[in-house]
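There are 2 protein chains.
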Amino acid sequence: MRKLTVIALGVLAINSLSAQQALWDSSKIKSPQVNEDNTVTFQFYAPQADLVQVTGDFLPPRELETPGHGKVSVAGIADLTKDENGVWSFTTPSPLDPELYMYSFIVDGLRSLDPANVYMIRDVATVTNIFLIDGEGSRAHNYMVNDVPHGSVSRVWYDSPGLGMKRRMSIYTPPGYEDSNESYPVFYLLHGAGGDEEAWLALGRTAQIMDNLIAEGKAEPMIVVMTNGNPSQEGAPGETSEGLFPPNMDISRMNRGEFETSFPDVVNYVDKHYRTKADKAHRAIAGLSMGGFHSLHTSKLYPDMFDYVGLFSAAIFPFEGRNGAPVYQDFEGKLKTQFEKNPKLYWIAIGDEDFLYQDNVKFRKILDDNKYPYVYYETPEGHIWKNWRIYLTEFAPQLFK
Amino acid sequence: MRKLTVIALGVLAINSLSAQQALWDSSKIKSPQVNEDNTVTFQFYAPQADLVQVTGDFLPPRELETPGHGKVSVAGIADLTKDENGVWSFTTPSPLDPELYMYSFIVDGLRSLDPANVYMIRDVATVTNIFLIDGEGSRAHNYMVNDVPHGSVSRVWYDSPGLGMKRRMSIYTPPGYEDSNESYPVFYLLHGAGGDEEAWLALGRTAQIMDNLIAEGKAEPMIVVMTNGNPSQEGAPGETSEGLFPPNMDISRMNRGEFETSFPDVVNYVDKHYRTKADKAHRAIAGLSMGGFHSLHTSKLYPDMFDYVGLFSAAIFPFEGRNGAPVYQDFEGKLKTQFEKNPKLYWIAIGDEDFLYQDNVKFRKILDDNKYPYVYYETPEGHIWKNWRIYLTEFAPQLFK
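Same order as they appear, the protein sequences are chains B and U.
Each residue of the first sequence is one higher than the last, beginning at 340 in our numbering.
Each residue of the second sequence is one higher than the last, beginning at 340 in our numbering.
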């Protein structure tokens, strides 16, 4: 029916220029509707369906027995109720806390996106609808686009001789960057397995968080560089010459530590093309999950590069002793060298339900045994974006001060 | 099921780092599948459904009687066939020409996105899946990310005193911009009614088209500026402090011609923050539909600003004499002034089925009657993005030469 839409749009445009209004308001279905008390109502039009459900992280999680992984906590599910017009609806029984939430419908067993909501996020290979609950003074208020000065977000291509290709990355420059001659510190922010250079912007709300923290004076103005951590990829799915297909994933290049080893290519590009303070005291690196792993190994491989290191729900140990890549050899020796150079902040954060929790306990024991100073930050819940947004919001204000 | 996905991802990450591979390949449903002969197969898993259909611009259009607008051409529709596993499928009866195509499924009457395809585009308030058929040497080959140098794409916020707000826009800088001290010409490219500063990038494939035309030596390296043409908006839906809701649309500001009148705010920002050749000979303006209307009126309101003007399926006349906004007054007088200053190219393109065709005939008669030189380019079909990608591909190579 798209052509009809386009044609109707054109006709409307010429009649009244109210096309946008009409198209955005044409559906009688408002979903999701954030009510005044912060309960949320979902609606789905499906007169012939037998059962419409909604699932998402706004519902209390359920425990599920899974083959191979034992009990895991999965998103809750709720049934919608059908009215006489074929409109199904569900309202949360209680108000929701301020947060960015994700949800999908399930229509007679089939996952379906919300046709009334154009706002979606791709997380690896799954697209999910989203909604935001604001709350003045809440941490989630930082995830909103607020009425504050906004930085710029660029997608640029840099040359990586180390990986033998041009690669795409996302760069946030703080408000005022374009209007000053100042130099800025740089925060390298790395995604997890399955992610790419879009993940921290879309799911992590990085631009909004940085805008807000800087506007409140909580964080220093800084450049934030979001790379692609998959060393076999030029860039995010759909953004390279591979076309609109599943991305190329050569695990062997990852296993050889090529991302970590080639990291100076990223830093060199940024220092050459942006007004940076190009020294250790003005560089931070942090990442989530696989990106935490990358931050750990890159920062000890290049111990003069970063004064600030953040491990968010980090993978720690899988490579140690498992293959011959030099980057992963001599774990404790490299760590010793790094800490002898006194990094200003080594920050470890994890959720108490994270499946990587015990690995982080073991890693902290190494740090404790060696009296390497670090700061530890623990939250409830597990390996989820909600936590990574929290960690970014906590970590960024500690940088470059 | 998202949390399960995330947790499974984490487990996989730690076990094998093959999470991405696994997640991208986990579905047995491959849809759409571009076959070797450029036929395309669609698949949808729905064991309980009674009828699954696919609709999109890759199918022959149908004529539909609509209330108020008479007969309109709408996207075709095809039924899928169910196999014993509950997988529905449809293969196009003949190969498709190289092009960017849009489609959706209809499951028992309900529009549904393709769960096997993460690639989607938002067109105004509708999200649709997309796929690309490549063809070496075809025009559509320019819509692909090819193995050529890539420009950068930035979202920046500029101050518009004329509109009394900070506003978001998209800016393409050509390959090499960051590594040179050269100054570049600027092409201002405007969207249609209902669109925003994302439309030309997502639906128009502007970054890909410019990368490819520049790499082939067909177009000069240039900066392309894509503004938001809705004078009541700070930026695209979801990107402003209005949150994740339908956008604010104050038609009265549009009717007063505030977008056109405030256009120097855009030009001033760009000339101040980018290395531009800041004169008429190195500025172009073009737009589709409402953006063609904006290009027409802005270029005659500021006759010393642009040497290149492109009207793509442009709306022409709706405001003339209908309200008191000075920008729309004295249509022919302003046009006379503009053409006395000899713009280097005045380019008009439209499809022979476009509902604005007759308005463009009337407008060209005015130009003809006054012997104002222009170039006319006519294509088949109507008011559709396929044509606007063609027009961009034809227009950009004529600029700044």
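Any given hint could be a false lead.
Which copy is meant is left open, so a pair is good if it fits within one copy or across any two.
Unchecked claim - Under the rule of at most 25 Å between Cα atoms (straight-line distance), these lysine to aspartate or glutamate pairs were calculated in the DMTMM-like manner: (1) Lys-369 / Glu-581; (2) Lys-616 / Asp-376; (3) Lys-369 / Asp-518; (4) Lys-611 / Glu-423; (5) Lys-683 / Asp-447; (6) Lys-710 / Glu-733; (7) Lys-683 / Glu-402; (8) Lys-683 / Glu-733.
None of these hints come from the bench; they were simulated from the model.
Structure-based check of each hint:
no., hint, in the structure
1, Lys-369 / Glu-581, "between (37 Å within a copy, 16 Å between copies)"
2, Lys-616 / Asp-376, "neither (46 Å within a copy, 54 Å between copies)"
3, Lys-369 / Asp-518, "neither (41 Å within a copy, 48 Å between copies)"
4, Lys-611 / Glu-423, "neither (64 Å within a copy, 59 Å between copies)"
5, Lys-683 / Asp-447, "neither (54 Å within a copy, 60 Å between copies)"
6, Lys-710 / Glu-733, "within (24 Å within a copy, 66 Å between copies)"
7, Lys-683 / Glu-402, "neither (41 Å within a copy, 69 Å between copies)"
8, Lys-683 / Glu-733, "within (16 Å within a copy, 55 Å between copies)"
Checked against the numbered hints given earlier, this structure breaks hints 2, 3, 4, 5 and 7; the rest are met.
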